[in-house]
Amino acid sequence: MENMKIVPAGDRALVADFGNVISEDVNRKVNALKKSLSAEKAAGVREMIPTYRSLLVEYNPSMITMQELSRRIELAAAELDGAAAETEKRRVLEIPCCYGGKYGEDLADMAELTGLSEKEIIDIHAGTEYRVYMLGFLPGFVYLGGMDERIAAPRLKTPRVSIPAGSVGIGGSQTGVYPMASPGGWRLIGMTPTPFYDPTSENPVLCEAGDYIRFVPITPDEYERLKKEGGAS
Amino acid sequence: MSIFVKTPGPLTTVQDEGRFFHQSSGIRPSGVMDVAAYEAANALVGNENGEAVLEMTFLGATLEFRSAAWFAVTGADMQAKLDGAPVERYRAIRAEAGQTLAFGMAANGCRGYLAVRGGIDVPLVMGSRSTDMSAKLGGFEGRALKAGDVLSTIPDGGWTPSDLRYDLPVYESAVEVRVIPGPQEEYFTASGVGTFFSSVYEISPNSDRMGLRLEGPKIESFSGTDIVSDGIVFGSIQVPSGGKPIILMADHQTAGGYAKIGTVLSFDLSKLAQARPGDTVRFTRISAKDAQALYERK
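Sequences listed follow chains L and V, in order.
Residue 225 is where the first sequence ends in this note's numbering, and the numbering goes up by one at each step.
Residue 378 is where the second sequence ends in this note's numbering, and the numbering goes up by one at each step.
Treat the hints loosely; a few may be bogus.
Sample of chain V residues at the chain L side, in silico, Cβ under 8 angstroms [said to hold, decoys possible]:
no. : residue
1   : Ser105
2   : Ile107
3   : Ser316
4   : Ala335
5   : Ser346
6   : Ala368
It should be emphasised that the hints constitute simulated quantities derived from the structure, not laboratory data.
Backbone N, C-alpha and C define an ideal beta-carbon position, used for all residues, glycine too.
This is chain V alone, in the form it adopts within the complex (with noise of 0.2 angstroms):
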């Protein structure tokens, strides 16, 4: 059960869930960047123990099935064909052995995502299959695939795919995310703040898996941002002191020295992982109270 990379697009890797409960020893979570539409490719062809899949950045990959396996394609369009034929986007396909499946330029989105029924099998490390590029950890030899690679993946049994079905995700260029304030929003004046809500940053093309860089107006702080080293998750938003954010995407470090005015509300990360750089931002404000209350309701 295999799949050779023909051609790997420029950055494509190897991506589950994450590599958690190691951060207490400076090892990153990495993970995939677009959690829902991960979890939609697994599910669709019916992979219920966070298998690996493939993410795939701007241009997609090209790829042979040495053996025939069912797939989903989700995330970004990225105009995938099975032998020239398009293939439909967020619903499980049947690929015989020897069909190749190309992907093209991300039409809408940034991230797409390949799930194989059975999962993409790399060794555990750590829990986790994710590549984590900074440590060389995990994922296919801790790298971005390269053309010429032999995905193993794991035999997936007999398997007839339901009828799940999902609306097509429309990725905005102009997104709107909730913040959660803190926890350092103290460091910024008042009028920091403000700037910060009210205006609009786009994203700058230094931008990667490990955060978005951001251009706009710069925020104020009373006197710098640098702090003593504080714990960091998924979506925070540092403020370095030349006061342009940073948010902190799934290659996050563990812990860093700038203050951060507020957290991205995790519902609204996926629309950041598929934002693409001159893509805006505005932020909005949610309390922790209110989005607490969003679980409850669910």
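Just chain L, same shape as in the assembly (with noise of 0.2 angstroms):
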């Protein structure tokens, strides 16, 4: 593939680079050579870590040379090119979200900041479908890419020391969900009762890199109603 190269991260790990960039096709490589190398269930592979830009291949060099699993990485590259990294099939997930008032602390803040009324940026915050670019920081925090610039504004001088667990939002041109509760400078616009990260589920975390996130408003009764019912939505 144009552009990758593989380089070693110690001794039992590959890195496939794309690059230094934030690019959405960039970043469809990466999920799909992750998704290709998965798919073969190549002996000594253990597990991969997508990020923007690489893939992070970690192997037991007891089981799998170096040199081998660079030329299947290589191969899986290789059949990637053309078609295949843009059929990528868009998962998008409907995210309920209580913007504004005490959901939102920051919202009014917000549309002094932007110029906006709270409605445009709402409107603005739940007309987009944000890829998941990848997760980290957190379990289940996600990197959303794609956020209106109108409505970007830079983070709180003074971070908050405890923002709790479903908290929707923006930190200059990103937005995001704060799986668990944790410190953090993000201005707080919304809240949505679903959970991103849940450590008994037999599927701890909501999304995957690859995934698309769409806000869709909900008022505070059914916020509190799907809240009740464990943030199905």
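Mind assembling these two chains? They're in different frames, but the hints should get you there.
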């Protein structure tokens, strides 16, 4: 594959790197490569960590050599060239979100910062499909791409000590959801009753890289009802 | 089958090899810092399935066996005593119900391990019993042990110890580790890479299970070291823009946004796991090919 290089990350991992960029095209390739290598189930391949721009492949060097794994990655990547990477199936998850008020304490400030009305901010935020580029930082934390620059806003000067799980925020040009209670500096615009992370569940994390998310505005009553039902939408 | 925690020491956690296959969801592997000491501890008591052990840091715990058990003590020399009698390290030892196992300060090394025949019984969470303190996940209630905690152990059945023997490790205060360059060596100038491989770095007191922060000469980069986030492994050496390297350890995050000058050879990670603040580290270069050859010779 063009522009892909394979570099070692120590003696037990190789990185298939597509370059120091955030782009949907690159991220699609990363994902497609992960899927292709997972399907292959090569002996000695352990786990894979996809990021914006690279796929880290951990392996057991007693079972597969670096040279052999590198060859397999090259082959898998070559097959992806052209059509495969672009026909990625789009899974869109609808995430109910209750905007503003006590559910999104910073929405009023956001209106002041952006010069938009609260309603306009909600319409813009809920009117976009966001790609999940990668997960990291916290269990189930999604790095989303595609937010409209009109609703970008700098992070809080003083981060909050604890933000409740389910908070939907904006930090710079990024938007996202806090999967668990955590300190954080993003401006909070809403809350979702849908759990992004539940360690007791068989699938502890809601999204995977390559998914798309669309926020669907709900009323406080709907939020409370869904929350009681365990967040199922 | 249980063990009562009289005093926990500053940082004692339940760990196994780590929580794998969920890193793509942002879940950290955690797991033991010193894999060699962990594997020895389990092998000595005949545990063959990656059983969970206790990892103690600097100062060990005081524990009361509520039922008889075989145990083994490995890693740092924490001068363990069973009802006051010195306990031999790297050996299977029988404790009777009611006996107290007390660990002291580490006289050598930093992290001590206690394996109990059958293993520490905490729920498996995503395939592992390791404690992930940042996500409050796994281990004993997702946290370090406290006085008064009662740990269950898995019944061991009948068992007689084998004559398995290990050489007692001696942990040096000047550590030398081999490093495979990359994956982002090209962010650093030739002089920066030269600095990294020729300088002596000191382990900062600001180090923990997540990473060893190093003090020493700054590593020169071409134009900063911020990168678009990239995957991380146990042993990745990232260099933030300040130029001082951080070696990422067992509790490392799954991805990070600083260029990585190299990765510590996995055989050398145990030395770092046992290094203490104030100890020094030197890095020597090994190619990925030569590292691979170490496995082929085995």
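Okay, the hints, checked on the actual structure:
{"no.": "1", "hint": "Ser105", "in the structure": "4 angstroms, holds"}
{"no.": "2", "hint": "Ile107", "in the structure": "5 angstroms, holds"}
{"no.": "3", "hint": "Ser316", "in the structure": "7 angstroms, holds"}
{"no.": "4", "hint": "Ala335", "in the structure": "4 angstroms, holds"}
{"no.": "5", "hint": "Ser346", "in the structure": "6 angstroms, holds"}
{"no.": "6", "hint": "Ala368", "in the structure": "4 angstroms, holds"}
Hint compliance for this structure: every hint is met.
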